[in-house]
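Fit chain B to the supplied structure of chain A, relying on the hints for placement.
Listed in order, the protein sequences are those of chains A and B. Numbered according to numbering that gives the first Met the number 0, the first sequence terminates at residue 392, and the numbering increases by one at each position without gaps. Numbered according to numbering that gives the first Met the number 0, the second sequence terminates at residue 392, and the numbering increases by one at each position without gaps.
It is possible that some hints are incorrect.
Stated by the list, open to error - Which chain B residues face chain A? A few, computed with CB under 8 angstroms, are given here:
(1) His3
(2) Phe5
(3) Leu28
(4) Ile33
(5) Ser66
(6) Ser70
(7) Ser227
(8) Trp228
(9) Phe229
(10) Asn255
(11) Leu271
(12) Glu272
(13) Lys299
(14) Arg324
(15) Asp328
Source of the hints: derived by calculation from the structure; they are not laboratory data. By construction, the Cβ of each residue, glycine as well, lies at the ideal position given by its N, Cα and C atoms.
2 protein chains.
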Amino acid sequence: MAEHSFHPPQRTLMGPGPSDVSPRVLEALARPTIGHLDPVFVEMMEEMKGLLQYAFQTRNELTFPVSAPGSAGMETCFVNLVEPGDKVIVCRNGVFGGRMKENVERCGATPVMVEDEWGKVVDPQKLEDALKANPDAKLVAFVHAETSTGAQSDARTLVELAHAHDCLALVDAVTSLGGSPLKVDEWGIDAVYSGTQKCLSAPPGLSPVSFSERAAEVIRNRKRKVQSWFLDLNLVMGYWGSGAKRAYHHTAPINNLYGLHEALVILKEEGLENAWARHEKHHQALRAGLEAMGLSFVVKEGDRLPQLNAVTLPEGIDDAAVRGRLLRDFNLEIGAGLGALAGKVWRIGLMGHACNARNVRYCLMALESVLADLGADIATGVALPAADKVLAD
Amino acid sequence: MAEHSFHPPQRTLMGPGPSDVSPRVLEALARPTIGHLDPVFVEMMEEMKGLLQYAFQTRNELTFPVSAPGSAGMETCFVNLVEPGDKVIVCRNGVFGGRMKENVERCGATPVMVEDEWGKVVDPQKLEDALKANPDAKLVAFVHAETSTGAQSDARTLVELAHAHDCLALVDAVTSLGGSPLKVDEWGIDAVYSGTQKCLSAPPGLSPVSFSERAAEVIRNRKRKVQSWFLDLNLVMGYWGSGAKRAYHHTAPINNLYGLHEALVILKEEGLENAWARHEKHHQALRAGLEAMGLSFVVKEGDRLPQLNAVTLPEGIDDAAVRGRLLRDFNLEIGAGLGALAGKVWRIGLMGHACNARNVRYCLMALESVLADLGADIATGVALPAADKVLAD
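Chain A with its partners taken away, still in its complex shape (with noise of 0.2 angstroms):
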């Protein structure tokens, strides 16, 4: 049994996330740990609850980072909002909404369920059809950025949908956040929940969330305490609250929230749609270079995420011994296919800091250089101009 220090190899992080983190991100987590309750960490709660206020474009009140990974705050919304007995719409075209219909079902919900393909995004009109067929839903959820297949879903069309069939919003935007335009309040979302390790680049271990005053109030005044203790958002907001004192509900993961608060001021630094006008640029420079060589996109042009790149594997390829060399021989890590796409397609990502023109270079260079000499039927020496065209205009 070894006990020695762990020393992590340095990867380039080009899967679903986590994604390279940055380097002043990586320095504010070793910064020396304060207490919970200290006057001088609450000033930065503050700060923080700011800053994710402007992260998701919200004025909403109740905006904190949940102490816990992004199910934890896909988890939160669920079972502060639903209750046993209530009826949800789950819209599920990948992955993440059939996780969705597992929180409705173990809060003791009915699922009614919209189901689009793999690949494609939420089709509004399945999700009127099933909310004139069920007139007694009290809450929609659907993912906007669907991270198992790079498909980014009009959140705005189907939060209105909702909204004129009285149902509530509720919002996955784990990979969206910080990546591509997501707007909670114009859009009106009720309740939305994200992950740091994407495109905000802070290591996993937070899931910022948000809700709006209408979901807020739902919270209140539920009839049933919320089944999880840990996630009862009537208590953690006497911790993440605005009142005059702050009580102790759990201890909050001091160094990881130095990391998020860093990864944030960067985010402010930079600006919302500088980022997102960064990461449909290089989306745009890795699919020149990818098409060039001949891989295909699993979603349509015009519904796929920048910050999410899913391609289809040459014919006769084997999906692990590709991404096998690639972390071996390059330290790069793309992501697999999840669920019915698994060793089908390869997941690129191009999230918050690791959304550079080097990236998208070194992964098609790579990429090439493993295919090419696994035998595959691929157009050699294309792609790095291709992508190289994009990034100089």
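Relative to chain A, chain B alone:
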């Protein structure tokens, strides 16, 4: 709205946790983030399990850190082991027994309370009476080391009683792990959770847990799904288990795990018994100093936790004023009382990396200085010599 990097002060953390984090652990946090399915990371996870088994003194296969703070570790134990309609005996002698009761109720089960005064240990006779009166109880839950009072209950005896009445034994070891004797296998504990920010001196955000084979069997054979998707061990074990293929469940808090790994390596280097002895020795030194000053302990001798020293405030002295001065003038954090003890006691931690002679002396010196300045009725000039006498032994 400020948008600048957050630079925390360098405190000395002698409250109930977080405790001072070793520079080695802080440095580990800042190592490059890698993927949560990276083979190198998976290897580190295996090492982590072994190191936690050592810290818990167990061979339990189901031993790993939950990806969230101690309260989530508590909830993991309850939601996995308890089903609606179950009867659970909960021993309460401080804040955390009360939180256990909340957990039992939110699982749809019935808590049977065994009550002891705050500052007292759990009375085995009362537990035995409750077990006799409730032959249908499934589980006994108690806090080994009550962080709210500093009382250390006799875990071995309480577990024996639970087993004699065919109940599982669930133990809160948040403050004991790494600081005072805890022997999961020898004592027969079925489920145990802890935190990282106490005697392990890693930052908060993770909760080491361990389950006996008997407990794992109960979890595998549940009638209903676990109400939390995020904490469902039947799913989590697909990731943390030692199966051939690790399945994605949620994204682990990578960098926080680097920190915990390093903290556990440090613990193993020192040796568990040596760590326990170090906590005991410095506790005796601090005790000698505090008593020489005229302060008295909340918990009677023999029942005290070395790592958490709860003492009563001198008459006429304002709690917040003293803690405020210690923080402002000495960068020293000590803990306030919780619940029934708020404003009446201080909780002085000697945990992990913070448990050393420098801190014992610094705390006594600072406390004496502030109390004397505020006109408290204490003896001056005697605390340091009393502590030094113990330290010199």
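Hint by hint, here is what the structure shows:
no.: 1; hint: His3; result: holds, 7 angstroms
no.: 2; hint: Phe5; result: holds, 5 angstroms
no.: 3; hint: Leu28; result: holds, 4 angstroms
no.: 4; hint: Ile33; result: holds, 5 angstroms
no.: 5; hint: Ser66; result: holds, 6 angstroms
no.: 6; hint: Ser70; result: holds, 4 angstroms
no.: 7; hint: Ser227; result: holds, 6 angstroms
no.: 8; hint: Trp228; result: holds, 5 angstroms
no.: 9; hint: Phe229; result: holds, 5 angstroms
no.: 10; hint: Asn255; result: holds, 5 angstroms
no.: 11; hint: Leu271; result: violated, 13 angstroms
no.: 12; hint: Glu272; result: violated, 16 angstroms
no.: 13; hint: Lys299; result: violated, 26 angstroms
no.: 14; hint: Arg324; result: violated, 13 angstroms
no.: 15; hint: Asp328; result: violated, 14 angstroms
Comparing the model with each numbered hint stated earlier shows that hints 11, 12, 13, 14, 15 do not hold.
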